[in-house]
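K.L.:
Here are the chains, one letter per residue:
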Amino acid sequence: MNWSPLFLSLQLAFITTLCLLIIGIPIAAKLAASSARYKFLLEAIVSLPLVLPPTVLGFYLLIAFSKNSVLGGFLYETFDIQLLFSFGGLVFASILYSLPFMVQPIQAGLQNLPASLSEAAYTMGKSKREVLWHVLLPNIKPALLTGIVLSFAHTIGEFGLVLMIGGKIPGETLVASIAVYDEVESLNYVQANFYAMVLLATSFVILGITYFINARLSLKS
Amino acid sequence: MLLNVDLQKKIDRTEGAQQLNIQMELDKGDFVAIYGASGIGKTTLLRMIAGLSQADTGFLAINKVLWFDEEKNINLSPQERKVGFVFQDYALFPNMTIFENLHFANSNASLIQKLLKQTNLEALKDKKPTQLSGGQQQRVALARALMVDSPILLLDEPLSALDHSLRQEMQHLIAELHQSYQRTTLMVSHDIPEIISLANKLLVIKGSATILYDNPKAYFEQENLLDEIEEVGLVLAMNENELLLQIGEKKRSIPYSKVTLENIQVGDRLCLKRWVLPSEIHKIERQ
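These protein sequence lines are chains A and B, in that order. Take the first sequence: its position 25, counting from 1, is numbered 7 in the numbering used here, and each next residue is one higher. Take the second sequence: its position 101, counting from 1, is numbered 117 in the numbering used here, and each next residue is one higher.
Computed beta-carbon distance windows for the label pairs: (1) A:A18 to B:I90: 18 to 28 Å; (2) B:N216 to A:I191: 56 to 66 Å; (3) B:T30 to A:A90: 26 to 36 Å.
Computed list of chain A residues with no C-beta within reach of chain B, every gap over 10 Å: (4) I9; (5) A15; (6) L39; (7) L53; (8) G149; (9) N170; (10) Q173; (11) S185.
Because the hints were derived from the structure by calculation, they are not lab data. For glycine and all other residues, C-beta sits at the position ideal for the given N, C-alpha and C.
Using the sequences plus the hints, can you model the full thing?
P.N.:
What follows is the structure, given as structure tokens:
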């Protein structure tokens, strides 16, 4: 059995989730606290991947990553980076694709906290960053967990987007979801079933653990 | 003059938008009750002082330092102002223990110990806020607000969620803490007896105007909002904090501090004066 696509999927999901935590928390905090008139525009942009066919995002990224485009050309000429058909490109695309799965639960969690919590901390002289770190985030652990798990699971389940910009280079961009499709096309059902079963079991275990922990957390509070 | 307020703000009330005008000057150690109908802007005033809401026009100065001046374009952030604020919902941080709640406000260990002792929270300091009763949470909120190194203490209806006996106990504690820390205190309250027992000044908000009275009791008497009752009670039992009295046919325990009344013994007769709201007549019959 070839485990490489599974490891690649896990690696991609892990790195993407980590990046999304770093990027998603400030975006969610900004959206939750903002009452700006044009907030809805940013919300709509963040949520686009929820409704967009992955191939649409994949198509535009394909064009953006190509050496002939401004972004792709700049990255290639300045840093010698080529995102198309590379693991780095997959990470970048996955971050965009799973962004709403990280941002939305955290934003909802923050909005559900009473405003007086952060206001009380502000009157103690605490900065917005201190308040986010010490007061707000510790009180939305279930939302954080949901964001992490959904982003992770969603990245593992990516298919159309990876196919568009990653191709299926073994060890580089051939992730498990693509491998299932690939093996079926080659009528190799045993290997396809192996990938499918591992994906199914992994997803079930991850979601099971999440709901278990969330139930414990809500009991505690 | 510690606090100098001349603020205007348009606020949305149930009867439509109206201008709130507030002018007052307070001295160090003043205890001002803010009195007025619901939604009239009492909480907004506290929030404008703390920097959580912004006034439309006017100025606000503490110790002659401008915190807000619309003309000079000065508006300090809540972090720069730093005031002690007890919110109506207490706003205790659920993820922190009682000790950590106080420590987050100010890491001065001796002050934490002192306040935990004064508010009788030493035994509860490692508990989380959700494990405490309403009265205990209220004490934490007070202690935490006093941890903030500020000349100003703002209390937004701090006792409204408590039952009658707990209210009296808390009034006692607030009075003691005020005595000990001498913070200039502004407290939103609807409760007239509570205002009279705690406040030395009264800010009444009516319509768009506000008036500061130097004698809360006189105001309520003049408005026929208050009656005085005199009762005689026999001391049946006592401990450090409470007296058990026989008043007429009823037994009542009242909070008591040795500071306020010395040398009381079981068997003493005490004269109690109480301010009560004029009771509403519910039935009239010819006799």
